[in-house]
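Residue numbers (numbering that gives the first Met the number 0), protein chains in the order written: chain U, 0 to 242; chain A, 0 to 242.
Derived by calculation from the structure, the hints in this document are not laboratory data.
All figures in this text were calculated on a predicted structure; none of them were measured in a lab.
Do not take every clue at face value.
As the list makes no split between identical chains, a pair holds if one copy fits it or if it spans any two.
Said to hold, decoys possible - No farther apart than 25 Å at their CA atoms in a straight line, the calculated lysine to aspartate or glutamate pairs in the DMTMM-like style are these:
id: 1; residue 1: Lys4; residue 2: Glu40
id: 2; residue 1: Lys168; residue 2: Asp63
id: 3; residue 1: Lys229; residue 2: Glu95
id: 4; residue 1: Lys1; residue 2: Asp63
id: 5; residue 1: Lys168; residue 2: Asp81
id: 6; residue 1: Lys229; residue 2: Asp47
id: 7; residue 1: Lys1; residue 2: Glu192
id: 8; residue 1: Lys4; residue 2: Asp76
id: 9; residue 1: Lys4; residue 2: Asp63
id: 10; residue 1: Lys4; residue 2: Glu99
id: 11; residue 1: Lys1; residue 2: Asp49
id: 12; residue 1: Lys229; residue 2: Asp76
id: 13; residue 1: Lys229; residue 2: Glu99
id: 14; residue 1: Lys4; residue 2: Asp158
Protein chains: 2
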Amino acid sequence: MKLVKAGVLLIGDELLSGRTQDTNLATIATFLGALGVSVGEARVLPDDADTITQTVRAFSEQFDYVFTTGGIGPTHDDITADCIASAFGLGISEREDALESLRQRYTDDELNAARRRMARIPDGASLIANPVSQAPGFQTQNVFTLAGVPQIMRGMLADIGHRIEGGAKTYQISVTCTGIGEGDAAAPLAALEAIHPSVSIGSYPFFNDELRGVSFVARGQDEVQLNRVKTALNALVDSLTQG
Amino acid sequence: MKLVKAGVLLIGDELLSGRTQDTNLATIATFLGALGVSVGEARVLPDDADTITQTVRAFSEQFDYVFTTGGIGPTHDDITADCIASAFGLGISEREDALESLRQRYTDDELNAARRRMARIPDGASLIANPVSQAPGFQTQNVFTLAGVPQIMRGMLADIGHRIEGGAKTYQISVTCTGIGEGDAAAPLAALEAIHPSVSIGSYPFFNDELRGVSFVARGQDEVQLNRVKTALNALVDSLTQG
Chain U
0 MKLVKAGVLL
10 IGDELLSGRT
20 QDTNLATIAT
30 FLGALGVSVG
40 EARVLPDDAD
50 TITQTVRAFS
60 EQFDYVFTTG
70 GIGPTHDDIT
80 ADCIASAFGL
90 GISEREDALE
100 SLRQRYTDDE
110 LNAARRRMAR
120 IPDGASLIAN
130 PVSQAPGFQT
140 QNVFTLAGVP
150 QIMRGMLADI
160 GHRIEGGAKT
170 YQISVTCTGI
180 GEGDAAAPLA
190 ALEAIHPSVS
200 IGSYPFFNDE
210 LRGVSFVARG
220 QDEVQLNRVK
230 TALNALVDSL
240 TQG
Chain A
0 MKLVKAGVLL
10 IGDELLSGRT
20 QDTNLATIAT
30 FLGALGVSVG
40 EARVLPDDAD
50 TITQTVRAFS
60 EQFDYVFTTG
70 GIGPTHDDIT
80 ADCIASAFGL
90 GISEREDALE
100 SLRQRYTDDE
110 LNAARRRMAR
120 IPDGASLIAN
130 PVSQAPGFQT
140 QNVFTLAGVP
150 QIMRGMLADI
160 GHRIEGGAKT
170 YQISVTCTGI
180 GEGDAAAPLA
190 ALEAIHPSVS
200 IGSYPFFNDE
210 LRGVSFVARG
220 QDEVQLNRVK
230 TALNALVDSL
240 TQG
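Just need the whole structure built from these sequences, with the hints factored in.
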């Protein structure tokens with residue numbers, strides 16, 4: 000089975016100023032991993048139309064799927080929908096089905112010009128349901144445009160899975176061990192990866208006041224090879240901690 | 000005063016798989032903000048030498064400063080130092096001062112070939128002290144190469160500030176308000192930003208079971224303008240919540 004790759008664009012000045020801690024990348028990566036899609040690259044972009052438009056276009060060509068988060072709310076700095084339209088040379092206008100969705104949440108009085116902006120959808124896009132706050136996301140070709148607020152973004156993922164043609168699922172095993180350093184295991188780890196080229200092995204040290212240790216994480220599409228690596232990692236940890 | 004911009008490269012497969020939640024971007028952005036440097040873009044890159052090398056080169060040209068995190072440990076997937084050398088066409092070799100730093104932490108027995116890799120530094124780079132685990136970071140031209148483990152990365156920032164020529168400091172004010180939605184404020188917010196073009200205003204909705212509301216955040220270099228915006232935002236919130 001082929002590998003399927005996605006690119007992720009996290010849009011918003013607040014992510015670059017340090018004000019807001021992104022959590023959407025990890026949520027999307029975990030969601031896609033279960034579908035056999037791996038994230039190849041992510042970018043955090045400012046609220047700048049040219050940057051967003053050019054990057055959407057480039058990512059749409061480079062990756063099988065693209066996910067954007069942020070910039071589809073009612074305010075003047077919410078420019079993602081216009082950038083997506085521009086990236087694909089599409090028009091954009093208020094859509095009745097999107098407006099209908101907003102009417103589930105807002106009274107006619109509340110549905111002012113600003114909120115109606117959330118019904119502006121690039122031509123030909125299909126809506127992505129928003130069970131949390133009703134303003135829809137949308138899919139344009141291979142690009143999924145989602146909200147930035149994590150609760151809403153997660154809600155939208157429920158309407159995505161059936162649109163994804165996944166690839167070879169990546170499995171992951173991990174072996175964690177305290178009392179040794181990363182450097183103790185580096186040479187045998189490299190040897191192990193050389194024997195099992197289909198498996199990628201990473202080591203992640205952790206530190207705190209009480210404890211130091213390493214987590215070894217192996218990922219790959221071949222479960223048989225992965226289980227062999229797990230056995231070898233356990234043996235390696237035994238030999239290092241008894242040494 | 001001129002605006003000074005930085006680019007940030009977060010390196011590591013584990014950030015793209017969903018295994019590890021990055022927190023380094025927000026730490027670096029907050030640190031730089033206090034020095035009058037704003038982050039213009041961040042990318043999360045896989046452990047792929049070509050991608051890292053090309054992106055370092057492009058970011059070094061595009062931004063005043065570049066920060067990389069991750070990939071400078073002792074294992075086979077730690078390739079950042081080689082990529083930095085390659086990006087600038089520099090040689091790379093084991094350096095005595097870096098080795099000396101490692102000797103503060105490791106006995107001769109512990110300082111195996113894998114750990115000695117952490118003393119490989121691109122030619123001409125200056126070391127960045129690591130008070131947590133002694134394996135140094137390094138500065139190559141305008142690129143600062145730091146560890147990925149957040150505790151270690153934060154420790155290295157202490158040896159960075161004096162190397163940065165900051166620009167106009169960006170100030171930030173925020174006004175938070177419950178019981179209204181983002182769309183209620185969108186039109187007056189756009190008007191406010193039009194009157195104060197030097198100030199950038201964002202609105203960030205929040206939701207939970209009990210509460211909904213919006214935080215308005217204004218950022219700019221001109222404190223006088225910024226205080227006028229704060230007064231106007233408070234008046235706006237009063238009018239919306241009393242309405």
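Alpha-carbon proximity context of Lys4 and Asp158, limit 25 Å: Within one copy only: 19 Å inside, 38 Å across.
Within, between, both or neither, where Lys1 and Glu192 count as close if Cα-Cα is 25 Å or less: Only inside one copy: Lys1 and Glu192 sit 21 Å apart there, 49 Å across copies, limit 25 Å.
Identical-chain pair category, Lys1 with Asp63, by Cα at 25 Å: within (11 Å within a copy, 40 Å between copies)
Copy assignment of Lys168 with Asp81, given that the CA separation must stay at most 25 Å: neither (34 Å within a copy, 31 Å between copies)
Intra- versus inter-subunit Cα pairing at 25 Å for Lys4 with Glu40: both (9 Å within a copy, 22 Å between copies)
25 Å Cα threshold - placement of Asp63 relative to Lys4: within (6 Å within a copy, 32 Å between copies)
Homomeric proximity label, Lys4 with Asp76: Cα distance no greater than 25 Å: Between copies only: 20 Å across chains, 29 Å inside a chain, cut-off 25 Å.
Copy assignment of Lys168 with Asp63, given that the CA separation must stay at most 25 Å: Within one copy only: 15 Å inside a chain, 41 Å across chains, cut-off 25 Å.
Within, between, both or neither: Lys229, Glu99 at alpha-carbon 25 Å: neither (52 Å within a copy, 36 Å between copies)
Same-copy or cross-copy closeness of Lys1 to Asp49 [CA-CA at most 25 Å]: Between copies only: 22 Å across chains, 33 Å inside a chain, cut-off 25 Å.
Within, between, both or neither: Lys229, Asp47 at alpha-carbon 25 Å: between (46 Å within a copy, 24 Å between copies)
Within, between, both or neither, where Lys229 and Asp76 count as close if Cα-Cα is 25 Å or less: Answer is between: at 18 Å across copies they meet the 25 Å cutoff, but 48 Å inside does not.
Hints 3, 5, 10, 13, counting from the list given before, are not met by this structure.
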